[in-house]
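Letter by letter, the chains look like this.
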Amino acid sequence: MPNRFGLPDLGVGLGLRTVHYARILEARPVVDWFEIISENYMQTAGRPLHYLDAIADRYPIAMHGVSLSIGSTDPLDRAYLSELRALRDRTRARWVSDHLCWTGVAGRNTHDLLPMPYTEEALDHVVGRVRAVQDFLGAPLALENPSTYVEFAGKAMREWEFLARLAEEADCALLLDVNNVFVSAYNHGFDPRTYLAAIPFDRVVQLHVAGHTHHGTHIIDTHIGPVVDDVWRLLGDAWQRAGGASVLLEWDAEIPGFDETHAEALRARAFIGEAA
Amino acid sequence: MNRHVVDVDLARERASATPADLGAKRRQPAGEIRDRSGVANAGTSAAQARLDPDLGGLRHQQLWFARAVMTPELAAAVVTDDDASHVLTDGPRLRALDRLEIYRRSYRSRLIECLADDYSVLKGALGEAAFEDLCQRYIARHPSEAPNLNFFGRHLEGFCRDEAPSPFPLRQFAGDLASLEWAIVEVIHAPSSAPLTLDGLRDVPASAWAAARLVPSSAFRLLSFENPVNRYFQAVREGKAPTLPSAQRSATVVYRSGPTVWRMDLTVPMFEVLSALVAGETLAASLSRAEASFGAIDEQQAAERVLGWFRDWVGGGLFGGVELR
Numbered sequence: 054m055p056n057r058f059g060l061p062d063l064g065v066g067l068g069l070r071t072v073h074y075a076r077i078l079e080a081r082p083v084v085d086w087f088e089i090i091s092e093n094y095m096q097t098a099g100r101p102l103h104y105l106d107a108i109a110d111r112y113p114i115a116m117h118g119v120s121l122s123i124g125s126t127d128p129l130d131r132a133y134l135s136e137l138r139a140l141r142d143r144t145r146a147r148w149v150s151d152h153l154c155w156t157g158v159a160g161r162n163t164h165d166l167l168p169m170p171y172t173e174e175a176l177d178h179v180v181g182r183v184r185a186v187q188d189f190l191g192a193p194l195a196l197e198n199p200s201t202y203v204e205f206a207g208k209a210m211r212e213w214e215f216l217a218r219l220a221e222e223a224d225c226a227l228l229l230d231v232n233n234v235f236v237s238a239y240n241h242g243f244d245p246r247t248y249l250a251a252i253p254f255d256r257v258v259q260l261h262v263a264g265h266t267h268h269g270t271h272i273i274d275t276h277i278g279p280v281v282d283d284v285w286r287l288l289g290d291a292w293q294r295a296g297g298a299s300v301l302l303e304w305d306a307e308i309p310g311f312d313e314t315h316a317e318a319l320r321a322r323a324f325i326g327e328a329a
Numbered sequence: 280m281n282r283h284v285v286d287v288d289l290a291r292e293r294a295s296a297t298p299a300d301l302g303a304k305r306r307q308p309a310g311e312i313r314d315r316s317g318v319a320n321a322g323t324s325a326a327q328a329r330l331d332p333d334l335g336g337l338r339h340q341q342l343w344f345a346r347a348v349m350t351p352e353l354a355a356a357v358v359t360d361d362d363a364s365h366v367l368t369d370g371p372r373l374r375a376l377d378r379l380e381i382y383r384r385s386y387r388s389r390l391i392e393c394l395a396d397d398y399s400v401l402k403g404a405l406g407e408a409a410f411e412d413l414c415q416r417y418i419a420r421h422p423s424e425a426p427n428l429n430f431f432g433r434h435l436e437g438f439c440r441d442e443a444p445s446p447f448p449l450r451q452f453a454g455d456l457a458s459l460e461w462a463i464v465e466v467i468h469a470p471s472s473a474p475l476t477l478d479g480l481r482d483v484p485a486s487a488w489a490a491a492r493l494v495p496s497s498a499f500r501l502l503s504f505e506n507p508v509n510r511y512f513q514a515v516r517e518g519k520a521p522t523l524p525s526a527q528r529s530a531t532v533v534y535r536s537g538p539t540v541w542r543m544d545l546t547v548p549m550f551e552v553l554s555a556l557v558a559g560e561t562l563a564a565s566l567s568r569a570e571a572s573f574g575a576i577d578e579q580q581a582a583e584r585v586l587g588w589f590r591d592w593v594g595g596g597l598f599g600g601v602e603l604r
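Protein chains in written order, with my numbering: chain F, 54 to 329; chain U, 280 to 604.
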């Protein structure tokens with residue numbers, strides 16, 4: 054239990070995707086754990102839950118959200134939170150995570166992970182909301198660093214400082230996406246190891262890896278294709294700093310068959326093994 | 280029973296990734312982005328809607344950013360190069376407006392991708408360019424207000440009938456096809472319920488039959504069309520490249536049994552009976568509607584035919600229960 058929250062190191066898991074349902078349920082492959090996108094199983098009472106229940110009966114689950122919109126200046130959506138909590142209880146999810154971002158304002162949802170301005174005002178705002186969400190869930194919330202493509206002028210601090218201070222002041226957990234660190238480092242011109250050095254790793258309960266798409270002038274966090282070696286090496290570094298944490302591969306487009314996807318996830322073992 | 284499974288998982292997940300396919304129009308190099316906004320800035324009405332970047336505070340920053348991202352691309356003049364550089368920083372290789380443009384493209388791509396998942400056959404029927412154009416206008420008219428995208432496409436049928444960029448008959452065909460595809464989405468997400476079984480039906484006392492009401496499963500949609508869209512849908516599913524059919528009235532039932540979604544074409548008498556049952560009419564009243572639409576066949580034949588339907592429908596899981604009063 055390396056993290057301060059006592060949350061387990063589940064091993065190397067895979068993002069649960071519909072194209073893999075049949076293979077998982079028929080072949081029952083040995084997989085350490087699955088991460089679900091929370092919203093895919095919300096506002097539905099039908100087939101998604103049919104599959105999820107069957108998979109949650111057999112594998113450990115963690116929930117990863119994309120619409121909490123923790124940074125938005127709109128009020129927290131209590132109906133959303135209630136449904137999130139009910140899904141957590143239904144799946145017996147080990148923890149709930151979402152992103153340090155906002156997804157919309159004035160009642161509109163862009164369904165994108167929009168960047169925060171890293172200011173004192175924004176920090177105070179998010180700290181208060183994280184505390185409120187944790188009180189509602191009765192459990193720590195894990196927040197993930199997003200990939201970003203812009204930075205606001207007039208920022209008071211860099212993202213890693215904002216994230217570290219947020220975690221301490223809100224007493225929340227972190228989901229560190231090392232691919233996002235890599236993507237943002239390229240897009241904004243910083244050293245990813247500077248980022249890692251600032252992270253309070255005793256709060257890191259999970260690590261993400263994924264593929265991305267390099268456009269020369271910028272990198273897009275597409276979750277396509279194999280993970281590049283630089284990102285694997287960052288994973289090894291982060292895993293070592295954390296003293297162990299659950300690792301998860303996200304693959305969201307041009308998804309290969311289950312066995313190939315899982316094999317890519319399991320490559321993590323070589324890198325965290327080297328680092329350990 | 281002539282029914283077909285929906286063999287593609289239409290409930291594709293939404294994820295935290297940024298879409299890779301930003302669309303043909305949106306694959307231009309960064310430099311052209313500024314050209315486009317420059318053009319729009321030259322005296323268009325959009326230029327008059329330029330966002331004021333001189334706003335302090337997190338709320339204003341978010342309102343500015345959201346509007347910049349959600350404004351349709353052809354109205355790009357709402358954010359000028361100078362405005363973007365006032366609010367955002369230039370990056371090592373891209374200027375602020377180019378960086379902002381990544382979010383603008385991503386916003387539309389993600390939503391178009393969602394609509395294409397839910398309406399894949401409609402997309403094929405209209406063609407990629409016309410479908411994308413329809414989606415762009417749909418997104419502007421019906422921005423999402425929900426935490427997920429499960430029901431984002433719910434207005435597309437009506438939107439097609441009013442707005443599809445095509446001659447009237449094709450517009451109606453598009454509306455019918457959208458109606459069928461949306462019914463599939465609704466049925467995927469409808470609550471699961473235990474189906475009425477043939478054994479359950481046999482338990483109904485003979486004396487209670489006439490006044491009994493069959494309750495459709497909650498994952499059940501009865502549809503009628505001016506075009507044979509289910510036949511078209513099935514041909515596409517079978518890998519064929521069907522031409523758009525002439526108008527011809529048709530009826531289809533879409534329902535889910537366990538995780539499997541089925542589509543089944545209905546004859547006129549079948550549709551009459553199911554419509555009556557869905558409306559809450561008794562079995563006796565529903566069957567009399569069938570008899571009226573059979574025309575000249577004898578009573579024995581009619582009874583056998585209807586019995587066969589009921590066996591198929593109940594065996595297929597169309598009904599969730601039977602009410603006896």
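Don't read these hints as lab results, they were simulated from the structure.
Keep in mind that the hints are not guaranteed to be accurate.
Part of the chain U face toward chain F, derived, beta carbon under 10 Å [unchecked claim]:
hint, residue
1, 372
2, 422
3, 540
4, 544
Backbone N, C-alpha and C define an ideal beta-carbon position, used for all residues, glycine too.
Cross-check of the supplied hints:
For residue 372 of chain U, the interface hint holds, the least distance from its beta-carbon to any beta-carbon of chain F being 4 Å, beneath 10 Å. Interface hint status for residue 422 of chain U: upheld, as the beta-carbon distance to the closest one in chain F is roughly 5 Å, under 10 Å. Among the interface hints, the one on residue 540 of chain U holds; its C-beta lies about 8 Å from the nearest C-beta in chain F, closer than the 10 Å criterion. The interface hint given for residue 544 of chain U is violated, since its Cβ lies 22 Å from the closest Cβ of chain F, which is over the 10 Å cut-off.
Of the numbered hints given earlier, the model fails hint 4 alone.
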